[in-house]
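Novice: So you can see what is in the structure, the chains are spelled out below.
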Amino acid sequence: MTTLNRREFLQSAGATGVLGASSSLLPSWMPRMAFRDQYQVSGNHDTLVCIFLRGGMDGLSAVVPYSEGKYYYDNRPTTAVAEPGSGVGSAIDIDGQFGFHPELAALKDIYDEGDLAVVHATGLTNGTRSHFDAMQFMEYGSPTDKTIGTGWIGRHLQSTADRNDSPFRAIGLGLMAPASLRGPVSPLAIRSIADFHFKGRQDELRRLQRSLQMLYTTDAPTDPLGSQAKLVFDTLETVKQLHPDSYDAANGADYYEDEFHMGLKQIAQIVKADVGLEVACLDLGGWDTHEAQGTTDGEFNTLMGILGRGLQAFYTDMQDQMGNVTVVVMSEFGRTLVENGSGGTDHGHGNVMFLMGGGVRGGQVFAKWPGLAPAGLDAEGDLAITIDYRDVLADVLTGRMDSHSLDTIFPGHVATELGLVNKI
Amino acid sequence: MNSNRRAFFQQLARPLQQPQDNRLTDVDPIQHLLKRATWGVTPEMLAHAQAIGPEAWLEEQLNPSELTDTVFDSKIKLMPMWSMTRRELYDGYYDREYEIPFGITKGIFTKAVYSQKQLLGRMTDFWRDHFNISDETDYPVELMMFEQNVLEKHAFGKFRDLLIATARNPSMLMYLDNFASSKEAPNENYARELLELHTLGVDGPYSEEDIREVARAFTGWTIHLGTKDGFFFDEEMHDFGRKSILGKSFPADRGIEDGLHVLSLLARHPATARFLSTKLCRRFVADQPAQSLIESTTQVWINSDGDIKTVLRHIFFSAEFQQSAGRKYMRPFEYLVAIFRATEVDYSEPWAFEDLLLRLGQYPHGWHPPNGYPDVAGAWINTGGLLNRWNAAMLLTHTVHESPDEGWGWVSRLDEQINDPQTAGELVDQIATRLWGAPISGPARDRFAAYASDDLGADTPMTKHLLSRKMASTFGLMMASPTFQWR
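Protein sequence lines, in the order shown, are assigned to chains R and Y. Residues in the first sequence are numbered from 1 upward in steps of one, following the working numbering. Residues in the second sequence are numbered from 1001 upward in steps of one, following the working numbering.
Hints listed in this document are in silico derivations from the structure and should not be mistaken for laboratory results. Computed from a prediction, not measured in an experiment: that's the story for all the values here. Every residue, glycine too, gets a C-beta built ideally from N, C-alpha and C. Honestly, I wouldn't trust all of these hints.
Result set (DSSO-like, lysine-lysine): computed pairs, CA atoms no more than 30 angstroms apart in a straight line [to be verified]:
1. Y:Lys1279 x R:Lys146
2. Y:Lys1309 x Y:Lys1153
3. Y:Lys1075 x Y:Lys1228
4. R:Lys423 x R:Lys272
5. Y:Lys1464 x R:Lys199
6. R:Lys70 x Y:Lys1183
Stretch-level coverage of chain R by chain Y, calculated; a stretch enters the list once three of its residues show a Cβ under 8 angstroms from a Cβ in chain Y [unchecked claim]:
7. 121 to 135
8. 170 to 181
9. 207 to 217
10. 231 to 245
With the C-beta cut set under 10 angstroms, the calculated list includes, among others, these residues of chain Y facing chain R [claimed, not checked]:
11. Asp1021
12. Glu1193
13. Ile1211
14. Arg1359
15. Trp1380
16. His1398
17. Ser1481
Turn these sequences into a full structure, and let the hints steer you where they fit.
Specialist: Structural data, given as structure tokens:
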């Protein structure tokens, strides 16, 4: 990452400035036993890490269909990624048909190891090109119904509500929990677990906290603040035992200091702490490359590097845990096959998804590839969607998350099993 | 009547246990109006509004140029970039343009806290979300112009004028890529958001074909910093062909008129009236505004040709508005402004102030996608956000030696807000007057008084010693409470 933006700079400056380095005296930060006594956690399933690339990530540049020849290269004079073996900035061949963007080089080993799968020409089939509609429909898990009000992950958690009452069950890393997590099980929205402390005058702290607890404990059934406040108090207790300041990534994993990498690092930390995490959501935004998208420089390139190296650091750090972690990477739509006059691409349709984890049948590009020749494109001239994104998620849910409620998670959709994961 | 039935009826006769979540839902109508139309009710402003009446007060606010603004004027003088012309900004900041975005943030915040023109600030804030532009822009000077010459200038005017002004602004042309859109290579980003977010709404009556045609109409609307406002219509880039938009045919050989015609068509479209009315009702009344209010507001919008003042009068004096007290959850920015207005705290370290804003999660132009910060409680209520608010309330009420973070440059003036309270209850009432304009009653007051008296009760005498231990913490507790999160 070349430059920190204003927000990121202040976050890192603020984190050291305001918090101080209150590093723990205790060498171990894992509260395994203490925690297990506190909450009910059961079930045999993975931890799901759901990464949403906001803005419409250009899948045709991420996993390049170089074998399409002129149908790819003629449509993208300034944004196409060069064929494998054609010098600096060329794609990294993975199966003789597709190649990774050079900034995803870090993922090649994981792919070869069999822990990373690519799904291509997938997406939301409802045809919208609005970011906000597409994200909402995708995160709600319903391609038509905006009034459903809960997210696909939220409904999964609801359907398995009896197996886990930890406050760390579902986490959105960031300022807001994403729409996919919406539902009756309150997700935590945390930006930094190291910063999760209640502050106040020392000699009044206990009394203040007790008063707040009473003020926020209500008998109003629809009070949205009461349940969140309870979650805050429960989390404060757990975080006390986590000692987040003293976390060191394992196996020399190399995270950047930006918000996305720090989010992954914290997820790693929470998984290892064994505090009942089932689902974590994390965003990486900025993919709306209408202008000067570039190939080996430009914003797209930078973002690819952040994504690729972040996944690699997480994978390295989590080596011992990866057998029970599944990472899903998705975006609201792909981009137009034909680049626009500003050296960028506009909102399109078919896209890629990535799956990473010990249970993933990796080392393959899974696709019913429609091709980029005119006959294969969709009615509006873009990469056609031949795999419904819900089928990909359904494989993960039933195969790795012990879900038996696809009918409520994806209402009105009959999932086709794709065989993308080994069943747990 | 057998005894079972008697017990049953006796139970019915008892007053119902109201589920209560410590919101203030039964407040004086003027207080309610001020809570929604200002950034935080001060006792002085409430007294003034009560003296002249709600209609006259609203008219004062709707005609801000006649209000004197001594305190704010003296504060904003210390931020010279806010009184510079576009040219002066380009000349004066050519080598430090990066200072402008935070300067904009500080100016907007200062205005919200100190200006008498409270509703103008609130309305500008609404437009800032509606016509969102991220502050990570190549043209920070134009973003400053967007604030002053576009959003604030037209905040109370006709929607059409505002819409045209936004379309010409270089930071908007840049943000939604229209500056590069040409006949050979039309870029549809602006066209799409213009229809989806600025006017008709995502469920509005337009097609993908309309978007492509609107994009053609705006080819050539580009940037040239040499012009008066940075807008330049480049004939060479414009597509002079005929177009068909929303069922209307646009003849060939028209230049800038194409775009202007589209903007007028959109500004006067009934779908725009409905979309904007719904959003205004959501902002000023309730997250899910009553259908009746949306209907009546849409009618007022259409009849007044999108006259914002007329629409606001209608909303604020509607029956639905009167019944909406306590139903809006404060967003982080207004929460911080409200704390500043209540406590008169100030900062001496701008970085500490900016850090706090970022932690709370909302600052002007800090939202990157073009749909603007969300406006419903569900989007803002979450664990991290709640804890951040509690910590902000504590941080800003504690003096340097008391603070867990040793003050970090926060200048507290709590002593000046509190006037020798005799009992714990009196302390709570004095603080409540600062927070809501008047004392409150009910279980929340009891709980505050219990804290302030170490559980001895509201009548407990406030000794000097007790006051020094409790004053800041009670202030902080009351602002961290659920009561203060809703307005």
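Novice: Take the hints in turn and mark each one as holding or not.
Specialist: Quick rundown of the hints versus the structure:
no.	hint	in the structure
1	Y:Lys1279 x R:Lys146	holds (17 angstroms)
2	Y:Lys1309 x Y:Lys1153	holds (13 angstroms)
3	Y:Lys1075 x Y:Lys1228	holds (28 angstroms)
4	R:Lys423 x R:Lys272	holds (22 angstroms)
5	Y:Lys1464 x R:Lys199	holds (24 angstroms)
6	R:Lys70 x Y:Lys1183	holds (25 angstroms)
7	121 to 135	holds (count 5)
8	170 to 181	holds (count 4)
9	207 to 217	holds (count 7)
10	231 to 245	holds (count 4)
11	Asp1021	holds (4 angstroms)
12	Glu1193	holds (9 angstroms)
13	Ile1211	holds (8 angstroms)
14	Arg1359	holds (7 angstroms)
15	Trp1380	holds (7 angstroms)
16	His1398	holds (6 angstroms)
17	Ser1481	holds (5 angstroms)
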